[in-house]
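One letter stands for each residue in the lines below.
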Amino acid sequence: MKLLEKNNLIDVLKYWAGKYCVLTPSKKEQGDCIFETFDEMTFTLDYGKPSMPQKSSLLPQSEVTFEIDNGTYKETLQANDTLLFGIRACDLMGIRQTHNFMMRDNEDKYFTSKMDKCISVVMACKGPQNKTCFCTTTNSGPFAEKGFDLQFYDMGDTFIVETGSNKGEELILGKYFKDVDELKARGKIDAFKKKAQENIPIVDEVKKAMTILADGTADENVWEYLGKKCIACGSCVFVCPTCTCFNVYDLVVEKETGQRIRAWDACLYGGFTKEASGHNPRPTQASRVKRRYEHKLLYYNKDDIQEAICGCVGCGRCTDFCPVNIGTLEVVKFIVNGEIPYTFASDRGGQI
Amino acid sequence: MAGLAATFGSGAMTNSIGEFEDADLFLVIGSNTTAQHPLIGTRIINAKEKGAKIILIDPREIQLASFADLYLRHNIGSDVAVLNGLMNIIIEEGIYDKEFVKSKTEGFDELKKVVSRYTPRVVEKISGIDAQDLRKAALMYATTDKAMLVYAMGITQHATGTDNVKSCANLAMLTGHVGRASTGVNPLRGQNNVQGACDMGALPNVFSGYQKVTDEAVRNKFEQAWGVDKLSDKVGLTIIDMMEGAEKGDVKALYIMGENPIMSDPDSHHVEISLSNLEFIVVQDIFLSESARFADVVLPAASFAEKTGTYTNTERRVQLAHKAIDPPGKARPDWEILCKLSTISGYPMDYKSTADILKEINSLTPSYAGITYERLKKGQCIQWPCPDEKHPGTRYLHKDKFSKGIGTFIPCEFKPVSEPPDEEYNFLLTTGRVYYQYHTGTMSRRVNILEREAPRPYVEINPEDAKKLGIRANDMVEVVSRRGSIRLKAEITQRVPRRVVFATFHFNEAPVNVLTNPVYDPISKIPEYKGCAVKIRRLT
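Chains as they are written, first to last, in the working numbering: chain L, 1 to 352; chain A, 1 to 540.
Derived from the structure by calculation, the hints contain no laboratory data.
A few of these clues could be false.
Unchecked claim - Result set (BS3-like, lysine-lysine): computed pairs, CA atoms no more than 25 Å apart in a straight line: (1) A:146 to A:404; (2) A:390 to A:359; (3) L:2 to L:131; (4) L:27 to A:340; (5) L:27 to A:377; (6) A:330 to L:255; (7) L:193 to L:167; (8) A:378 to L:49; (9) A:323 to L:27; (10) L:184 to L:207; (11) A:112 to A:98; (12) A:136 to A:98; (13) A:340 to A:359; (14) A:50 to L:131; (15) L:175 to L:2; (16) L:274 to A:489; (17) A:125 to L:333; (18) A:221 to A:352; (19) A:125 to A:112; (20) L:49 to L:126; (21) A:48 to L:131; (22) A:323 to L:28; (23) L:178 to L:131; (24) A:525 to A:248; (25) L:2 to L:207; (26) L:109 to L:74; (27) L:2 to L:195; (28) A:330 to A:340; (29) A:104 to A:399; (30) A:102 to A:112; (31) A:136 to A:50; (32) A:377 to L:28; (33) L:333 to A:50; (34) A:525 to A:146; (35) L:193 to L:2; (36) L:2 to L:126; (37) A:377 to A:352; (38) L:255 to L:74; (39) L:28 to A:340.
Chain L extracted, bound-state conformation:
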C-alpha cells in the first residue's frame, strides 16, 4: 500500500509512458471521454464511465491475423507493453471473463499475447457513475477484488494505491509513491468501499430474472416484443465488456496477396448464424435478442464468470446506448414483470 499526491500523478504517468504504451482517459474537445495514448493536455480524471470499455486494447475492432504475400503466409501477432490507467472495476471484470474464455479450449493467441503484456491500473468508483450502474448486483464492482496490478482509491488530494500483483509492485518503486501506515490505509479503503457499495443500489430483478430464465418460465411474448423493437444496430454488443464475437474475412489485394482480418461482429445480425444453405437457426430478431440476453444471464460458462454472478458485469452501457431501450436493465424488468407495454397486431409487419 502506498500513497500518491494527486499533484504528482502527471509525473508518474509521464514516467510510465517512457516504459509502456500508457492508455488513459482523455477528454475530447466536445466533452466526450475516450481511452487513448496518454497526453498531458487532454488527460482527465473526470471521466465517469467512459462510453467504451477497454476491450479494444485486447480485441481490436479489426485486426489482421495473417498476411498473404505472393502466396506465402505470415502470422501477424501484434502486442505492445500496454498500461491501462484508470479502468473501472466492471470493465476489468469484463476483461478477466474474456481472458478466461480466450484461454479455454483453443487458446486465442491474438488476445492472450496482448493480455500477457497488459498492465491494469484500476480506479475504484466512489459510487455510481450514472443511473444505469449496477455492478454491486453482479459482483463486479465498484472496486476490483482481484486481477488488477494496481488499484487507486481517490481520497481527495491523494490516492491510496493498492498493489495486486508483482508487476504492480514494480510500478510503485519510484520516489513519488510514499509509504503509509498499512492499518490506517486499510481502514480508509474499507470505509471508501463500504460507502461506494451503499451508493450503488441493488437491482433485484437481475437475480430474479436469472432464476426465471434458469427455470425456463420466461414469457415468450417478452422476446417477441423486444424482437419487434430491436433495430439490429449492434450497439449493445459493441459497448459490452464481455461481448467477444468476431467475423473473419479476407481482404484480397490481388491474386495471392492480401490479408485475413477479424473484426467485431454481433449476434443480433441475421447473417451471424445464417448457414450456407440459407437456413438460419435463429430466424427472427426475437430469437436473436433472446439468445443474447440468455447468454449474458444464463448460459455463461461457470469458469469464465470468475467472482461475478453471470456474463453481465453491470456496467449498464447497453441501457445507455440502445436507441430503443433494450438494455439488460430493461430486459430483466420485462422478464420479471412479464408485462409488455402493448401487443402487436397479429402477424402484421415484418423484420427490419
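Given the coordinates of chain L, work out where chain A should sit on it, guided by the hints.
Only chain A this time, still in chain L's reference frame:
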C-alpha cells in the same frame, strides 16, 4: 421540395428529430422509417411507448406496420387520392382547424371543391383502402393536437411526386398541424447531406439558400462577391435534361461527382446510350463506380473520414465533421479538386480551408448567416434559418406565419401511375432500399459484414402470386419490363401485396433501374421509381 416551397415557402423538413419523442400521433406515408432512418424510427417507437398513436399508409407491410395502430395498405401511386380522401372527411365532419385556415392560409375554397369529389367510397375504389379505415385515420389525425406527418421517397419518387407533397402540405395546413413543436410536414431526406447540397445551390435554378438565378439583385450580389462581370440568368439543366441533351448531342461533356447514374437513374440502357454519346466525361468519386467505366478522366475524391467540413442533415442541422485519417494516394477533398480545376481554368480560387468557404457562405446566404465556423467548432449544431451569430437556430419552421407569409392550398387531382399493369406486363414493380445496403452499393458493398447480411439481390413476391407462377423461395426468376430484364432470386413474403413486386437498386448483378420507367415529375424532375409494369417468370 418544390411542393413544400409552393405551399409553405420553404422546401425542408418543418420540424426536428428531437420533437418526435413528444408527438401524440404520427401519420407515416411512404417512409420505411425503421429501416431507412432508424434513429428517427426509434423515436417513433419510443413515443409509442409513451402512448403516441401511429397511422401507417404504405403499400408494403414494413416493420413499422407491426407498431401501427392503424395500417392502411394503399395501391401504389394512389397517394393523392388517399390524402384528398382524408381531407374530404375532415372537411365534411367540420373538424378542420377553422381559425388556422382563416388566418394563415389561402385557397381553401378551391381545395374544398377538389377534395369534395374524393369521398371515402371513391377513394376506396382507387386506393383499396377500406372507407371505414380511412375515416378512422382522418378523425385520429385531425383531432390529435401534436400530430406529425412523416414522408420520404415513397411520396416523392412518382411522376406525381410534387402533387403528393402538396397534398401532404394541404392536409397539415387544413388541420393546423404546422408551426408548432411536434407537428409539421417532415420529409426524411435520403442521404446525409442531400439537404446541404440543395441548400448550397446544387440545383439548376438557384444559388445557395434558394436565391434564384433569375433574380437580378441576387445575381448582382454574387457577381460582386466573386468579382465577375456577368453570371448567367438562365436556369440550368436537371439530370434528366442533361441525359436527353447528351442523347441528342446538345450536351457534349458531363462532370459527375459522387453520383452513379448508370445504377441510379431510370432506364439504365438509355442512360448508357446517353453517356456513350458524350464527347467527354469526368467522374469524381471515392471508388471506381459503374459509371466511371464511361469516364475519360477519373478524379479520386476523399471520403467523409478523410476531410473536414460540414453536413446539413434532414432536420436542417449543420454539423462539423473533422478529418480522422489522411486520404489515400492522390485522393483529395472535393473542394480542393474544384478549386484547383477552377484555378487551372483561369478563375483562381484560393480558399485555404472549409472554414474559409463557410465564411463566404455566411456572407452570401441569409439562412446560413449565423452558422459560423467558430460556433460549429465549439460543438454547436445549428439548424437554419439562422440569420445572425446571436440567433440560436430554428427548431421548427413557420412559427407565427409561413415562410412565404400566407400558406397556399394547392389542391391536386389523382393521376394513376404512368405505366399501369396490363395483360402482358401484369405486375407493378416498386423499388427502394434495404437496411444493410446503401444506394448503388458503391460504398456499402465493400463492407464485409453488410455483404454478409444482404449479399445478393432479391425480388419480393407475394405468396399467392408465387404459387400461381410456380415460384418457390430462392428460385431464380426473370423480371422483365418494356425496357429490359434482370435475373435475381425470389423472396416469398407477405410484405408486398398481390400483383406488386419489390426490388432494390443496390446490386449491379441485377440493376433494377434497367426496368424502371423514365417518366418524371414535371416540376421536380424526380423519376417514377415507385411504379412500373413488369412480368415475371421462373427460370429453370
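Legend entry - Ascending list of hint numbers which this structure does not respect: 3, 4, 10, 17, 23, 25, 34, 39
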